[in-house]
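Note that the protein sequences, when read in sequence, are chains A and B.
Okay, so the first sequence: first residue is 38 according to this note's numbering, each after it adds one.
Okay, so the second sequence: first residue is -1 according to this note's numbering, each after it adds one.
Please note that a few of the clues may not be correct.
Computed far set for chain B versus chain A, every beta-carbon distance over 12 angstroms [said to hold, decoys possible]: (1) S33; (2) K62; (3) K63; (4) R92; (5) E93.
Keeping only pairs whose Cα atoms sit at most 30 angstroms apart, straight-line, the calculated DSS-like set for lysine-lysine is [to be verified]: (6) A:K207 <-> B:K62; (7) B:K83 <-> A:K207; (8) B:K61 <-> A:K144; (9) A:K144 <-> B:K91; (10) B:K90 <-> A:K334; (11) B:K63 <-> A:K534; (12) A:K207 <-> B:K90; (13) B:K136 <-> A:K207; (14) B:K83 <-> A:K144; (15) B:K89 <-> B:K62; (16) B:K62 <-> A:K535; (17) A:K144 <-> B:K89; (18) A:K144 <-> B:K139; (19) A:K207 <-> B:K139; (20) B:K136 <-> A:K535; (21) A:K540 <-> B:K136; (22) B:K62 <-> A:K477; (23) B:K62 <-> A:K144; (24) B:K139 <-> A:K477; (25) B:K91 <-> A:K535; (26) B:K90 <-> A:K477; (27) B:K136 <-> A:K477; (28) A:K207 <-> B:K134; (29) A:K429 <-> B:K62; (30) B:K62 <-> A:K540; (31) B:K63 <-> A:K540; (32) A:K535 <-> B:K139; (33) B:K61 <-> A:K534; (34) A:K294 <-> A:K334; (35) A:K429 <-> B:K136.
With beta-carbon atoms standing in for the labels, derived distance ranges [as the list claims (entries may be wrong)]: (36) B:L57 <-> A:Y239: 31 to 41 angstroms; (37) A:S98 <-> B:P116: 21 to 31 angstroms; (38) B:I119 <-> A:G244: 45 to 55 angstroms; (39) B:W137 <-> A:G244: 21 to 31 angstroms; (40) B:I119 <-> A:R389: 31 to 41 angstroms.
Rather than coming from a laboratory, the hints here were simulated on the basis of the structure.
It should be emphasised that the depicted structure is a prediction, and the values quoted were computed from it without experimental measurement.
Idealized CB from N, CA, C, for every residue including glycine.
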Amino acid sequence: MIRRKHMINEGIITFVSLFSPTTLLLMVAGTFLGIVVGALPGLTATMAVSLLVSLTYGMKSADALIMLLSVYLGGIYGGSRSAILLNIPGTPSSAATSLDGWPLNLKGQGKLAGITVTTFSALGGVFGLVMLVIACPPLAELALKIGYWEYFWLALMGILLSASITSEAKIYKGILSGMFGLLISSVGIDAIHGYPRFVFGYQKLMGGINLVPAMIGLFGIAEVFSALTNQESHNILERKTEETILMAIKHSFRQLKEYFRVFSISSIIGTLIGALPGTGPDIASWVAYGTAKRTSKHKEEFGNGSWEGIISSETANNAATSGVFIPLLTMGIPGDAVSAVIMGGMQLHGYRPGPTFFYDSPGLVYFMVGALLLVNIVMWIEGVAITPIIAKILKAPVGIIMPIVVVLCVVGAYTINLLKFDIIIMLLFGFLGMVMRRFKIPAAPMTLGIILGPLTDLSFRRGMMAGQFSMLPFFTRPISLFLVVALAMALILPQFKKMRQTKRNI
Amino acid sequence: MIISELVACLLCLSGFCFLLVNSLRMPYPQTFWDSPGAFPMIISIILILICFVWLFDILSQQKKKKKGFYSGRGEMENQAIGEQKQNEALKKKRERRQFIIISILVIAYLMVLMPLLPFPIATFIFLTACFLIFSKTKWWKLLIISGSFSLAIYLIFIYVLRLPMPR
Chain A
38 MIRRKHMINE
48 GIITFVSLFS
58 PTTLLLMVAG
68 TFLGIVVGAL
78 PGLTATMAVS
88 LLVSLTYGMK
98 SADALIMLLS
108 VYLGGIYGGS
118 RSAILLNIPG
128 TPSSAATSLD
138 GWPLNLKGQG
148 KLAGITVTTF
158 SALGGVFGLV
168 MLVIACPPLA
178 ELALKIGYWE
188 YFWLALMGIL
198 LSASITSEAK
208 IYKGILSGMF
218 GLLISSVGID
228 AIHGYPRFVF
238 GYQKLMGGIN
248 LVPAMIGLFG
258 IAEVFSALTN
268 QESHNILERK
278 TEETILMAIK
288 HSFRQLKEYF
298 RVFSISSIIG
308 TLIGALPGTG
318 PDIASWVAYG
328 TAKRTSKHKE
338 EFGNGSWEGI
348 ISSETANNAA
358 TSGVFIPLLT
368 MGIPGDAVSA
378 VIMGGMQLHG
388 YRPGPTFFYD
398 SPGLVYFMVG
408 ALLLVNIVMW
418 IEGVAITPII
428 AKILKAPVGI
438 IMPIVVVLCV
448 VGAYTINLLK
458 FDIIIMLLFG
468 FLGMVMRRFK
478 IPAAPMTLGI
488 ILGPLTDLSF
498 RRGMMAGQFS
508 MLPFFTRPIS
518 LFLVVALAMA
528 LILPQFKKMR
538 QTKRNI
Chain B
-1 MIISELVACL
9 LCLSGFCFLL
19 VNSLRMPYPQ
29 TFWDSPGAFP
39 MIISIILILI
49 CFVWLFDILS
59 QQKKKKKGFY
69 SGRGEMENQA
79 IGEQKQNEAL
89 KKKRERRQFI
99 IISILVIAYL
109 MVLMPLLPFP
119 IATFIFLTAC
129 FLIFSKTKWW
139 KLLIISGSFS
149 LAIYLIFIYV
159 LRLPMPR
C-alpha cells in the first residue's frame, strides 16, 4: 500500500516536471524535426532517432527521452504528408495511406485529408497509450505465447494482405510482388549459418539490399518518372471554395463520429500488432487498412480516395507507436527497429527496461506515459498548423517539385549508410518500379516483403528446428491455426465473392 | 503491350529458375530445412508457379483480343477506333520521349555530375536542366529556385544534421 502510494506520488511529480519550459521546448522542436524527417522521402524515423541518440548523450536523461520520443512519434506521423501530397510514402508505415490519400489530393481535398490524418494519428496514439496503461501485463503475457510459428504466419499475413489489397483485379500480381520482396530480403549473409546468399562474388551485396534505398526507388523515383512523363496525371483539382483550418478541424472531428467503428478497430489492431515484438507500425497499418476495406459498406471507394482508408492506416500506425512500448517496458524486448534504438538510448542514460522496470523506476514509467500523451497533443497542434503550408508548397508545378524530389531521394538513400552503392540500388529500384507500374504490379507488397523478409525466413527455419523439422506446429498450435484460418479467409472470401458477382452479372 | 508483358514474364520466369538452382546449390550443415537455401528455394518455387499463372493470363488475353478483332464492326466504328489508336500512339510516343529525357538526366546527375563536381554545384546544374525542360516558369525564377534549394540542402546537411554529402 505504502509502495503504491509512493509510486503515485512519484508519478505526479514526474508528470508535473513535463511542463517545464525546457521540456516543452524540446518536445515542440523534436516533434517538428520528426514531422520534417518523416515527410521527406527516404529519411525515416529510425534514422532520425539513431542519429539523435548520440547527440542526446550530453543531455539530462529526461530531456533526452523526451527528444527521442518526440522525433519517433513525429516521424511516423510525418510520413503521411508526402504520402497524401506527393504519392510518395515518407516512411514505410504510411505506404497504405498513399493508396487513398493521393486520390483525395487529386480531388482537391489534400488539406482536409492532411488534417483528418493528423487528428486520427493523435487519437490513435492516445488510444494506444490508454491500452498501454490498462493492458500492459496481459498484453505482455500474450506476446510471450507467440512463438516462431506464429511470427511466420503474422509476417506472411502482412505481405499477403497488402498483396490482396493493392492488386487491382489480379491478386497474383500482388503476391508476385510480395514474394519477390521476400527473395530480395534474402540477399546477403544468412543470419543463422553466415553463408552469403545470392551475392555472386559481389562484396557490396554481402550486407544485403537495404530497405530504404529500395523503397525510395520503388515509390519516389518511380513516381518522379511517372509524373514527369505524364504531367497531366498529377494535376490537382482546383476547388473554388477552400476550407479554413477551423472548418477542416471540425470536419475531422465529425468524421470521428461517422467512422468511430473504423477508428476503434484500427486502434486495437495497431496497439496489438505494435505490442508484438518484431512487427510494429508498418504491418499494423496494412492489417488495419485490409480490415477496414473488408468490413466497409463502401468497398468500391478504397483506392479511389476513401476516408475510411486513410483513417484506418494512420490510426493504426500511430496506435502501434504506443503499442511498441508494451514489450519494451514490460519485458525489455523492443517491438520494432526504432524502439530498439530508443531502448539503446534509455540504456545509455542508465535505465534498464525489463520485467522489474515498473518497480525499479515507476517515476520513469509515468514520465514516459505523460510524455507520450503530451507529444501526441503537440503533434496534433503542429500537424494542423503545418498542413496548409505544406499543401500550398506542394501545389507548385510538377516540373519544379519532381526534380527537387529526385535530389531529396538521392540524399535520403545516401544518408542511411553513406554509401554510393545505395544510390545505385535506389536508381535500379526506380526503374523496376516504373516497369511494375506499366504492368500494374503493386510496389507496396514488395516493400513489405523486404521489411518482413528476415522475420519470415528466420521464423520459418527456427520453427522447423524447434519442431524437429516437422511442419505440423505451423498448423497445429492454437494461435498458428487461428492465423492460418484468418489468412485463408481473408484471401479466399473476397475472390469467392468476386466470382459470384461476375457470374451474377453474366 | 501484350508482347512486352510476355517478355517481362519470361524474363521473370528464367530469373526465378536461375535463383531456384542457386538456392539448391547452397550447402546444408544438418538438414535441408535449416539450410540457407531452404527459404529462398520455397519462395523461388512459389514465384515460378505465379509466373506460369501470369503467362496463362497473358495468353488468354491475347486470345480474347484476337476474337474481338475479328468480330464484325461497321466502317465508321473502325475509323473512330483507328483515330483513337492514333492519338494513343502519339501520346505514348511523347511519354516515351519524356521518360528517356528524365532517365538520361537522372543517370547523368548520379554517374557523371556527382563524382566530378561538389554536390551543391552538381545539384544546381541538374535542377536547372530539369526545370528548363519540364517547367514553363521564367528562366530567372528557375535559376533562383535551383540555386537557393541547392544551397539550403547543403547548409542543412553540413551544419544542422552534420552529415557528409554524397559524392
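These are the hints, each one checked on the structure:
no., hint, result
1, S33, "violated (7 angstroms)"
2, K62, "holds (14 angstroms)"
3, K63, "holds (16 angstroms)"
4, R92, "violated (8 angstroms)"
5, E93, "violated (5 angstroms)"
6, A:K207 <-> B:K62, "holds (17 angstroms)"
7, B:K83 <-> A:K207, "holds (25 angstroms)"
8, B:K61 <-> A:K144, "violated (38 angstroms)"
9, A:K144 <-> B:K91, "holds (28 angstroms)"
10, B:K90 <-> A:K334, "violated (38 angstroms)"
11, B:K63 <-> A:K534, "holds (26 angstroms)"
12, A:K207 <-> B:K90, "holds (24 angstroms)"
13, B:K136 <-> A:K207, "violated (45 angstroms)"
14, B:K83 <-> A:K144, "holds (28 angstroms)"
15, B:K89 <-> B:K62, "holds (25 angstroms)"
16, B:K62 <-> A:K535, "holds (20 angstroms)"
17, A:K144 <-> B:K89, "holds (24 angstroms)"
18, A:K144 <-> B:K139, "holds (29 angstroms)"
19, A:K207 <-> B:K139, "violated (46 angstroms)"
20, B:K136 <-> A:K535, "violated (52 angstroms)"
21, A:K540 <-> B:K136, "violated (57 angstroms)"
22, B:K62 <-> A:K477, "holds (19 angstroms)"
23, B:K62 <-> A:K144, "violated (35 angstroms)"
24, B:K139 <-> A:K477, "violated (38 angstroms)"
25, B:K91 <-> A:K535, "violated (36 angstroms)"
26, B:K90 <-> A:K477, "holds (17 angstroms)"
27, B:K136 <-> A:K477, "violated (37 angstroms)"
28, A:K207 <-> B:K134, "violated (39 angstroms)"
29, A:K429 <-> B:K62, "violated (47 angstroms)"
30, B:K62 <-> A:K540, "holds (18 angstroms)"
31, B:K63 <-> A:K540, "holds (21 angstroms)"
32, A:K535 <-> B:K139, "violated (53 angstroms)"
33, B:K61 <-> A:K534, "holds (26 angstroms)"
34, A:K294 <-> A:K334, "holds (16 angstroms)"
35, A:K429 <-> B:K136, "holds (20 angstroms)"
36, B:L57 <-> A:Y239: 31 to 41 angstroms, "holds (36 angstroms)"
37, A:S98 <-> B:P116: 21 to 31 angstroms, "violated (40 angstroms)"
38, B:I119 <-> A:G244: 45 to 55 angstroms, "violated (31 angstroms)"
39, B:W137 <-> A:G244: 21 to 31 angstroms, "violated (44 angstroms)"
40, B:I119 <-> A:R389: 31 to 41 angstroms, "violated (49 angstroms)"
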